[in-house]
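Asks: Protein chains in written order, with my numbering: chain Z, 1 to 320; chain X, 1 to 284.
Treat the hints with care, since some could be wrong.
Stretch by stretch, here's where chain Z covers chain X in the computed footprint (C-beta under 8 Å, at least three residues) [to be verified]:
| # | segment |
| --- | --- |
| 1 | 74 to 86 |
| 2 | 93 to 101 |
| 3 | 106 to 120 |
| 4 | 150 to 157 |
| 5 | 257 to 263 |
| 6 | 269 to 276 |
Distance condition first, Cα-Cα at most 25 Å in a straight line; then the derived SDA-like pairs of lysine to any residue [stated by the list, open to error]:
| # | chain 1 | residue 1 | chain 2 | residue 2 |
| --- | --- | --- | --- | --- |
| 7 | X | 281 | X | 158 |
| 8 | Z | 285 | X | 115 |
| 9 | X | 281 | Z | 109 |
| 10 | Z | 285 | X | 109 |
| 11 | Z | 285 | X | 114 |
| 12 | Z | 285 | X | 113 |
| 13 | X | 281 | Z | 285 |
| 14 | X | 281 | Z | 115 |
| 15 | Z | 285 | X | 112 |
These are calculated hints, taken from the structure and not from any lab test. For every residue, glycine included, the Cβ atom is placed at its ideal position computed from N, Cα and C.
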Amino acid sequence: MTRRLPLFLTIGIWVLLLLAPLALDDWRISQLAQFLTYGLFALSLAFIWGQAGILCFGQAIFFGIGAYLMALITLGKLPLLGESQWTGIILGAVGGGVGAFGLALFMLGGRGLSGAHLAIVTLCAAVVAEVAAQRWDFIGGFNGLLGVPPLVAPYTRDDMFLSSNETYFLVLAIVMAVYLLLLLISRSSFGTLLAAIRSNENRTRYFGFDVTVAKLFAFSLAGMISGLAGALFTAQFGFVSPPLVGFGLSTEVLIWVAVGGREVLLAAFVGAIFVRWVENLLSDKLGQYWLLAMGLMFIFVVILAPRGLFGRILNLSKSR
Amino acid sequence: MELVLTIGLDALSFVLTLLLVTLGLVIVYGMMNVINMAHGELFLLGAYTLVAAQSAGLPFWAGVLLAMLVVGLAGLLIEELVIRHVYGRPIDTILATWGLSIAIKQLIIIVFGPAAISLTNPLPGSVSVLGIDYPAYRLVIMAVSAFLAATVYLVLFRTSIGLQIRSVIANRGMAGSLGVNTRLMDRGTFAVGAALAGIAGAVMAPIMSVDPQMGVGFLIPAFLAVLVGGLNSLLGAVIGAGIIGGASTTLSSGMAQATAQICVFVIAIVVIRLFPNGLSKGFR
Chain Z
1 MTRRLPLFLT
11 IGIWVLLLLA
21 PLALDDWRIS
31 QLAQFLTYGL
41 FALSLAFIWG
51 QAGILCFGQA
61 IFFGIGAYLM
71 ALITLGKLPL
81 LGESQWTGII
91 LGAVGGGVGA
101 FGLALFMLGG
111 RGLSGAHLAI
121 VTLCAAVVAE
131 VAAQRWDFIG
141 GFNGLLGVPP
151 LVAPYTRDDM
161 FLSSNETYFL
171 VLAIVMAVYL
181 LLLLISRSSF
191 GTLLAAIRSN
201 ENRTRYFGFD
211 VTVAKLFAFS
221 LAGMISGLAG
231 ALFTAQFGFV
241 SPPLVGFGLS
251 TEVLIWVAVG
261 GREVLLAAFV
271 GAIFVRWVEN
281 LLSDKLGQYW
291 LLAMGLMFIF
301 VVILAPRGLF
311 GRILNLSKSR
Chain X
1 MELVLTIGLD
11 ALSFVLTLLL
21 VTLGLVIVYG
31 MMNVINMAHG
41 ELFLLGAYTL
51 VAAQSAGLPF
61 WAGVLLAMLV
71 VGLAGLLIEE
81 LVIRHVYGRP
91 IDTILATWGL
101 SIAIKQLIII
111 VFGPAAISLT
121 NPLPGSVSVL
131 GIDYPAYRLV
141 IMAVSAFLAA
151 TVYLVLFRTS
161 IGLQIRSVIA
171 NRGMAGSLGV
181 NTRLMDRGTF
191 AVGAALAGIA
201 GAVMAPIMSV
211 DPQMGVGFLI
221 PAFLAVLVGG
231 LNSLLGAVIG
241 AGIIGGASTT
251 LSSGMAQATA
261 QICVFVIAIV
271 VIRLFPNGLS
281 KGFR
């Protein structure tokens, strides 16, 4: 029974998410749909950090690229590419992936960076990206871009926005598909290669595997998913601003993933939703003390439960 | 010519203060393999200790001493409560100290409020240096920083305590079996590293606007200085602080501060990419 528990819990969480619209009102459902995009963002970081062992302090760069591309396209600022939201979503994902590929190529090619060096360099890259976004007037400078339209129904009723429930299900479907894809990858032979890189990079290299290409691919895929999350987030949130690209959001997502459990994809996903939900619940009551409590909670989790709050109970692979 | 001299002096004073923050980071990393993301908040704590001391009516220098003591003690406490538990897990030290930095920053916001505070300059007026008028207080900062940095080097390379510290950095197990109390050394170096950041924060406070974000503003340049110079190398700290501090002062005299900042970051990232072991290793 206990051996099967993670599987039952995993299925249970998805069933709960599917049934959520029955129990929650419109406002809460649209909140939850936003949290799902944060969860998607956390999935991307969990993939690159938990599976491949690359600690990236700048994951929000790719989230921000996706968010800005979505806003630019739906606001008609890139007339050559049309104004369709689907173009925005696809381009957001592609943009995030290309950005991640570029950064990874710079960092990982040849005698690449790793560990603390990579963490600090990505952190600086996030600061640079945020300042650049603040100073680039075409994308709105300090104020960002306002009035991004919500998601439009792709079928018959043309020009009608999706209701909260429809938006929720659309986002949930995309998130589920990405989750299954990442799960499949992490259980494939490529996933085993990533795990080998995570536990001993040099040894894997001496066995003849091309470590650099594998890491490049994993990093770009994670960037793509971050970009997708950013694009979906923007369509719901309605505007983009420089903090979405920056250092603050990058470290926040790191906290969600660490609190949830970096080694298990679903744990990181649940971690993001859990932290955001607790924040919503408590930030009114605790006010300024919320961030203090969050910092302390984070320290406790890192020291006492390095595998995260949900890492153990949601771990699908056989424990060694 | 005058402009060049002023920029040179500005750069020198920034480099020396940055060196104080960087030294703490390098020693702590070399000693314990701990990447201390909360180091910027120790700087912040130093600045706010001075604010508190000034509003309690203490004279300026007493405030700086108090900052050194308070932040040093905070360092001891942090080592005991947090750092000790994550030794040997380098990535987790980044995360745990990151949580710590959030908590300390928020605590300061709760106590002192989020708004920027400006302090009165304890030594207004200027002194004539090589024919230009230069603010006297900046010269004091340079003297204090240079003195402290020199003291750290003398202690590390000319005393038996320094020898013990360097032996722990070189080979912890061997040093321990030869009778060096490594635990005591860990505590001591962490506290001293913290105290250095605290002093840097206190002496810089009168010429900066003191606000809860100023810690991050120093942390990232200090980290870049460490990586550019080379982890684990005291000479590297000097080289790194010199390059980062010098470049950001020189560039920000010619362009907007934010643009200068990102230029320095980009330069530093490229240098780190090309010389992952730091520039100091190239000179050996």
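Asks: State for each hint whether it applies.
Replies: Hints versus structure:
no.: 1; hint: 74 to 86; in the structure: holds (count 3)
no.: 2; hint: 93 to 101; in the structure: holds (count 7)
no.: 3; hint: 106 to 120; in the structure: holds (count 4)
no.: 4; hint: 150 to 157; in the structure: violated (count 0)
no.: 5; hint: 257 to 263; in the structure: holds (count 4)
no.: 6; hint: 269 to 276; in the structure: holds (count 4)
no.: 7; hint: X:281 / X:158; in the structure: holds, 23 Å
no.: 8; hint: Z:285 / X:115; in the structure: holds, 22 Å
no.: 9; hint: X:281 / Z:109; in the structure: holds, 21 Å
no.: 10; hint: Z:285 / X:109; in the structure: holds, 17 Å
no.: 11; hint: Z:285 / X:114; in the structure: holds, 19 Å
no.: 12; hint: Z:285 / X:113; in the structure: holds, 18 Å
no.: 13; hint: X:281 / Z:285; in the structure: violated, 53 Å
no.: 14; hint: X:281 / Z:115; in the structure: holds, 19 Å
no.: 15; hint: Z:285 / X:112; in the structure: holds, 20 Å
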